[in-house]
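With these hints in hand, go ahead and build the complete structure from the sequences.
The residues making up each chain are set out below.
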Amino acid sequence: MKLMYDFFTGQLGLGAAGANITVAAVMAVIMFTVMALCAIILTWMERKVAGFMQSRYGPMYTGRFHGWAQAVADMLKILGKEDIIPAEADKGLFKFAPILVLLGSLLAWAAIPWAPDFVAADFDLGLFYIFAVSSLVVIGILMAGWASNNKWSLYGAARGAAQMISYEIPLALAVVPVVMRAGSLNPQDIVIAQQGGIWHWNINPITNPFLFIAFFMYFIASIAETNRGPFDMPETESELVAGYHTEYTGMRFAFFFLAEYANLFLVSMIAALVFLGGWWAPFPGMGWIPPALNFIIKGVLLVFLNMWVRWTLPRVRVDQLMHLCWKVMIPVSLLCVVGAGVWMMAWGQLK
Amino acid sequence: MVVSLNLCLGLAAAIFVVGMTGFVVRRNTLVMLMCIELMLSSVNLVFAAFSRQLGDASGHVFVLMNFAVAAAEAAIGLAMLVEIYRRRRTVDVDELKSLME
Amino acid sequence: MEAFLFFTCGALMLLGGVMMVLQRSAVVAALWLVFAFIAAAGVFAALSAPFVAIMQVLVYAGAIMVLFLFVIMMLHGPVLDGERKRLPLPMWPAVAIPPLAVLVLVGGWLSGRKAEALPAAPEGFGAPAQIANLLLGRYLLAFELISIVLLVALIGALTLGLRERKLPWS
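Quick mapping for you: the protein sequence lines, in order, are chains A, B and C.
Heads up: the first sequence is residues 1 to 351, going by the working numbering.
Heads up: the second sequence is residues 352 to 452, going by the working numbering.
Heads up: the third sequence is residues 453 to 622, going by the working numbering.
Take the hints with a grain of salt, since some may be wrong.
Said to hold, decoys possible - Label pairs and their computed distance ranges (CB to CB): (1) Lys448/B <-> Pro314/A: 24 to 32 angstroms; (2) Thr611/C <-> Glu446/B: 20 to 28 angstroms; (3) Val34/A <-> Leu606/C: 40 to 48 angstroms; (4) Ser599/C <-> Trp68/A: 48 to 56 angstroms.
Said to hold, decoys possible - Examples of chain C residues lying across from chain B (beta carbon under 8 angstroms, computed): (5) Pro574; (6) Glu575; (7) Ala609.
What the hints assert, rightly or not - Covered stretches of chain A (chain C as the covering partner; in silico rule of three or more C-beta atoms under 8 angstroms from a C-beta of chain C): (8) 141-147; (9) 150-164; (10) 216-230.
Simulated from the structure, these hints should not be mistaken for lab results.
All of these numbers come straight from a predicted model, not from anything done at the bench.
Glycine is no exception: its CB is placed at the ideal position from the N, C-alpha and C atoms.
Here's what the structure looks like:
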């Protein structure tokens, strides 16, 4: 960020305010491009992983090599579709809902540090901010479900909202021990605190077993938070057609689609930077790998894990979902917070 | 154009008055509850403004307390509302006046 | 920067509040209130209260308003149709109060124009560390009491919400 700022002030002779605005604009364009690219790549990956899990090939023809262009073709097809707004829908809300859903995840992307000092919005409350703005997605989902004026959409939206606000609690609680350990809510500080190889990462069960448990709590909660299998209650195709985006077509549907994969990658990236050492390479002597690449590889591996779970486990029921959240995950996460604190005090790791 | 304490208080008071108007004028209990939330929120602005003026973060603590109160109020209020709706099939305050008659 | 944030977000918050009162549909009113609360977070940020600003988004926009929207959607039709017949029944407060709001705002504006700006915030003001020290130090008793309030609210909402009275003690 500093580098880019210096470039704009020094080389191009912009003022401080102008340089700040330019840096923000450049970062916004970069983030949006990366987000769109990641949605396209992850769609292809999802299909290939699903095929692999089910002993088939997945897309093989489009673009010759392993159907790599399938996702691009899908996107072009979606964008070419007719934009239908149901006659009985609340038109303003119907149009605004997909934008709000996408906005929630895009805002959260701003605070992700990709490499040392490469973060769009660098401020001390970064991690907290990410959780706050991603809660806007819930409002967007409720709006979509309501505005569609369709009972499946409304059921999907109600389920989605209930699930997301419930699982936000273990999700946030799982991160608290890490914040205690790093002594900061700034994502960059949290990553810097894990410098020096895989055994310094927060997931290491020997330094603190409670952080190890917290990672799994975070992972399970993040699956529910992104509304993916086995917790994909909001869009169960056998019960609710497609949930809150049943009535959406064309570009607006593409927004929901983009937001789903953006969210998936977002929660994986948070897990990577909070528990898996962010941009640090796993072993010393691997410093030649660019930090951003390290980070993205970790994120993609977690996404793969997420897809593995999705295509392996059967879907749970709504009551089982709530049972898991309120009676298992929240107590365990709370125990993790207390246990991690006691452990750190006992071994003098507390800052 | 500077941000002064008076201006903060003026903004907070104006928002409070908007909430109060809504509470008096609207007949839908749900919207009335929302107006109460707006009024509580305007009080938070006053806390934050004085906190900044005095350079003491205690005001922020009170804002956090106020959030908890607002959450408790919303939870109880909405639960009562749902119960009223189940019994009377309405949430219009003009039709909920059995205590008056 | 600070003044710009304050004036923009303050105006937007006021707009959100007014639109919330004017909307007949409860859902749209709730969404305008969400808008007002997000603008309020901007005002908090301008008053150098970053922690409170983010808390505002998390608690109000993320939890309380979702609860409202949830209930509105659960009650559905009758809630929306109720007010379509007649809107402002007691006309006099509707007529009397908005001028009062304008008066208050103009009064604050006029007196605020000449008054000096808020003092600059010291380093680390409103940061989580400072708030945590206050919350778990000087205001520990209040903190514990508020947690009891939340617990009571939780139990109360649960009791009210149970459809059949299948409580263990009844």
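We went through each hint and held it up to the structure:
Distance hint check for lysine 448/B and proline 314/A: the Cβ-Cβ separation is about 52 angstroms, which falls outside the suggested range of 24 to 32 angstroms. With their beta carbons about 25 angstroms apart, threonine 611/C and glutamate 446/B fall inside the hinted range of 20 to 28 angstroms. Between valine 34/A and leucine 606/C the C-beta distance comes to about 41 angstroms, which sits within the given range of 40 to 48 angstroms. For serine 599/C paired with tryptophan 68/A, a C-beta distance near 54 angstroms keeps the hint of 48 to 56 angstroms intact.
A distance limit of 8 angstroms between C-beta atoms decides the matter here; for proline 574/C the minimum to chain B is near 6 angstroms, and the interface restraint holds. With a least beta-carbon distance of about 11 angstroms to chain B, the hint placing glutamate 575/C at the interface is violated under the 8 angstroms criterion. Interface restraint check for alanine 609/C: the shortest CB-CB distance to chain B comes to about 4 angstroms, inside 8 angstroms, so the restraint holds. Given as covered by chain C, the stretch 141-147 of chain A passes the check, having 4 residues with a CB less than 8 angstroms from a CB of that chain where 3 are the minimum.
For the stretch 150-164 of chain A, the assignment as covered by chain C holds, since 5 residues bring a beta-carbon within under 8 angstroms of that chain's beta-carbons and 3 suffice. Counting residues of the stretch 216-230 of chain A whose C-beta sits closer than 8 angstroms to any C-beta of chain C gives 0, which falls short of three, so the coverage hint is violated.
When each numbered hint is compared with the structure, violations occur for hints 1, 6 and 10.
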